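Colleague: Can you make the complete structure from the sequences, with help from the hints?
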Amino acid sequence: MGTISNQAAIVGIGATEFSKNSGRSELRLAVEATLEALADAGIDPAEVDGLSTYTMDNNPEIELFRAIGGRELKFHSRIHYGGGAACAPIMHAAMAVATGVAKTVVCYRAMNERSQYRFGTGHTPPPVPTAETAHYGWYVPYGLISPASWVAMQARRYMHNYGATSEDFGRVSVAARKHAATNPKAWFYQQPITLEEHQASRWIVEPLHLLDCCQESDGAVAIVVTSVERAKSLKQPPAIIRAAAQGAGDDSQMMTSYYRQDISRISEMNIVAEQLYAQAGIGPNDVQAAILYDHFTPFVLPQLEAFGFAKEGQAKDFIREGNIEMGGRLPINTHGGQLGEAYIHGLNGVAEGVRLVRGTSVNQVAGVNNVVVTAGTGVPTSGLILSPA
Amino acid sequence: MTEQSDLLARARAYIGSEATKPVTARDPVNQPMIRRWAEAMGDTNPLWHDADARAAAGFNGAVSPPAMLEVWTMSPYRPGGGTSDEGMEVLKLFDEAGYFGVVATNIEQEYVRYLQEGDIIQSRAVVADVSDEKRTGLGIGHFVTIDYEFTDQKGELVGRMKFRVLKFKPPLKQAEAAPAAAEGKAKKFPHPRPAITHDNAFFWEGLKQRKLLIQSFNGRLVHPPVPACPETGSFEWTTVEASGKGVIHSFVVMHQPQLPCFEYPLPVVLVELAEGVRIVANMIDAKPEDVAVGKAVTLDFVEVEPDYILPAFRLA
Numbered sequence: 002m003g004t005i006s007n008q009a010a011i012v013g014i015g016a017t018e019f020s021k022n023s024g025r026s027e028l029r030l031a032v033e034a035t036l037e038a039l040a041d042a043g044i045d046p047a048e049v050d051g052l053s054t055y056t057m058d059n060n061p062e063i064e065l066f067r068a069i070g071g072r073e074l075k076f077h078s079r080i081h082y083g084g085g086a087a088c089a090p091i092m093h094a095a096m097a098v099a100t101g102v103a104k105t106v107v108c109y110r111a112m113n114e115r116s117q118y119r120f121g122t123g124h125t126p127p128p129v130p131t132a133e134t135a136h137y138g139w140y141v142p143y144g145l146i147s148p149a150s151w152v153a154m155q156a157r158r159y160m161h162n163y164g165a166t167s168e169d170f171g172r173v174s175v176a177a178r179k180h181a182a183t184n185p186k187a188w189f190y191q192q193p194i195t196l197e198e199h200q201a202s203r204w205i206v207e208p209l210h211l212l213d214c215c216q217e218s219d220g221a222v223a224i225v226v227t228s229v230e231r232a233k234s235l236k237q238p239p240a241i242i243r244a245a246a247q248g249a250g251d252d253s254q255m256m257t258s259y260y261r262q263d264i265s266r267i268s269e270m271n272i273v274a275e276q277l278y279a280q281a282g283i284g285p286n287d288v289q290a291a292i293l294y295d296h297f298t299p300f301v302l303p304q305l306e307a308f309g310f311a312k313e314g315q316a317k318d319f320i321r322e323g324n325i326e327m328g329g330r331l332p333i334n335t336h337g338g339q340l341g342e343a344y345i346h347g348l349n350g351v352a353e354g355v356r357l358v359r360g361t362s363v364n365q366v367a368g369v370n371n372v373v374v375t376a377g378t379g380v381p382t383s384g385l386i387l388s389p390a
Numbered sequence: 032m033t034e035q036s037d038l039l040a041r042a043r044a045y046i047g048s049e050a051t052k053p054v055t056a057r058d059p060v061n062q063p064m065i066r067r068w069a070e071a072m073g074d075t076n077p078l079w080h081d082a083d084a085r086a087a088a089g090f091n092g093a094v095s096p097p098a099m100l101e102v103w104t105m106s107p108y109r110p111g112g113g114t115s116d117e118g119m120e121v122l123k124l125f126d127e128a129g130y131f132g133v134v135a136t137n138i139e140q141e142y143v144r145y146l147q148e149g150d151i152i153q154s155r156a157v158v159a160d161v162s163d164e165k166r167t168g169l170g171i172g173h174f175v176t177i178d179y180e181f182t183d184q185k186g187e188l189v190g191r192m193k194f195r196v197l198k199f200k201p202p203l204k205q206a207e208a209a210p211a212a213a214e215g216k217a218k219k220f221p222h223p224r225p226a227i228t229h230d231n232a233f234f235w236e237g238l239k240q241r242k243l244l245i246q247s248f249n250g251r252l253v254h255p256p257v258p259a260c261p262e263t264g265s266f267e268w269t270t271v272e273a274s275g276k277g278v279i280h281s282f283v284v285m286h287q288p289q290l291p292c293f294e295y296p297l298p299v300v301l302v303e304l305a306e307g308v309r310i311v312a313n314m315i316d317a318k319p320e321d322v323a324v325g326k327a328v329t330l331d332f333v334e335v336e337p338d339y340i341l342p343a344f345r346l347a
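Taken in sequence, the protein lines are chains A and B. Counting with my numbering, you get residues 2 to 390 for the letters of the first sequence. Counting with my numbering, you get residues 32 to 347 for the letters of the second sequence.
Don't read these hints as lab results, they were simulated from the structure. This structure is a prediction, so every number in the text was calculated from the model and none was measured. Glycine is no exception: its CB is placed at the ideal position from the N, C-alpha and C atoms. Mixed in with the good hints there might be a few duds.
[Said to hold, decoys possible] Here are the in silico distance ranges between beta carbons for each label pair:
hint, chain 1, residue 1, chain 2, residue 2, range
1, A, Thr4, B, Ser162, 55 to 65 Å
2, B, Glu272, A, Thr4, 32 to 42 Å
3, B, Glu262, A, Val129, 24 to 34 Å
[What the hints assert, rightly or not] Just a few of them, taken from the derived set where beta-carbon distance is under 8 Å, the chain B residues facing chain A:
hint, residue
4, Ala226
5, His254
6, Thr269
7, Phe282
8, Met285
9, Pro288
10, Leu341
[To be verified] Pulled a few chain B residues facing chain A out of the computed Cβ check, cut under 8 Å:
hint, residue
11, Pro223
12, Arg224
13, Ile227
14, Asn231
15, Leu244
16, Val299
17, Arg309
Modeller: Rendered as structure tokens:
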């Protein structure tokens, strides 16, 4: 049986600035990030023969392809469930490279999510009867209309089951802002927060305060994937894709998996974690740093548990002991996360995973052998383990 | 499809048996009903109301238009007017399987004699036929044919009727936006609407009758509904009505963003029903601080807009 483990590597990363108003088209952002990533890798744009992104991106593959002077596009894929698919294009790219379908794949995400449109406004267009819109009918008529509210329902049950508190969620936010404070690219550069400020921030959806919610951002990130063999002759030290997986579980719903036995768990991430460890042949003790998707703080806790960094229900203790900050057992979101750096739907987290492997993060963790990167939670999700050559 | 033929087999098991218990007319044949019926039908034949015309035709007392044959034993048409005996089991079977649309397609009547003032009519209905599945302009459905025999107070045959209805899955009418307010005023912000699909229509139809219906695959309950049983693959399902008892499994209190059609802070609860499935809904008469995980609740309904009813819960 074939494997995608150790077949492909991330050899280039690129990004625009992260802002609240880019002042230019999303497609232009995509092109800028793509060209920067290819320059970072030392690859001619004309060599690109694969593209991959994920849904809720508005940039057609072929528009990006013609803009960068592409010639022969042999592979393109677009993976469903928005941020939950943030790591999936890397997986699809690795599969394409491992099978010889494509040689050089660019994964991208470009959005003016703050200046041109916003998620979670509660805007409810007239429903067209599809299975996907029908699903909204189970909660939108009751005013449960935002991603924060969908997460909050599960967060409340997690608190009830395990005794976690709003302060435990707040500590995730404080750590992220601490890391962002030293990252000049982060929107919240030099703006750390205290736990008191977190507690005093206004309610968005109880039990979530404003500072439990990630920001809204304009910006783009691009990632270049090619074979491990090719990577040897390129500019940057490669980040080997040691493992890559997608996962959806029992009775998964889009942000509202409320009907399964235990709603305090994120079983999608357990499925991803098990696959990643099996592919890589490692366990939690072999991981030195992690990028855990932080659109909303509460879901960071069950992720720590899904990957075995803390036992079930004990992520709060792991966090209270300072383990997710610099110098702790497992520094997470060293770029500041989506709470502190930018909300580029998780692809900026993949880029930070690459920097940690290269040793170039502004908050570099010493002795990195394996970095776990995860994608959006509450939806079908995905994840990666990246390693140095 | 075996599931389909299972429904059909169950429906066809009724063929040859009584569709309802025999019905005896609530009133004997009488002049006032004849007069009103003829007026409503635009039937100006003097025989139905003019004593001289009747006498000339050889009748003593009021005489009924033959087409009124069925009228004398009809059950009251308002909801709740009929007795449970008057519902037809064979039609209920289709209702439960999602064929809740009904339209009469054919009536053939045969008259043995004129009905006259004082006759007390009794009808007996027998299921005559259930068709294969048909794809009609109204929707997918089955024709059900009922044969009636009408007798008088002596038990003598006075007429027959063949009555055919189509029981169908109605086309999915999508909810309309709230009606616009009076001209010149700002349009009212509509309450968010669900998308109605073939799979979930029963749920929203049930709410219109203030019933919370749960999909049941031979006793295995599923919510939100699915086209086939996740365990057996069967497409055959019915519904059960929720008892209305439940417990708050989790909840949130909405502050932002706000829609004009709700009051904030807005608690939204995830209730685990006594039947075992969970449902998201709002609370009635409950302050956010009174809502807690584990509290018992009971089901009620709110009409958020005319003919748009949602389930809601009260603290028990």
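Colleague: Going through the earlier hints one by one, which of them does the structure break, listed in rising order?
Modeller: Violated hints (numbers, rising): 2, 6, 15; every other hint is consistent with the structure.
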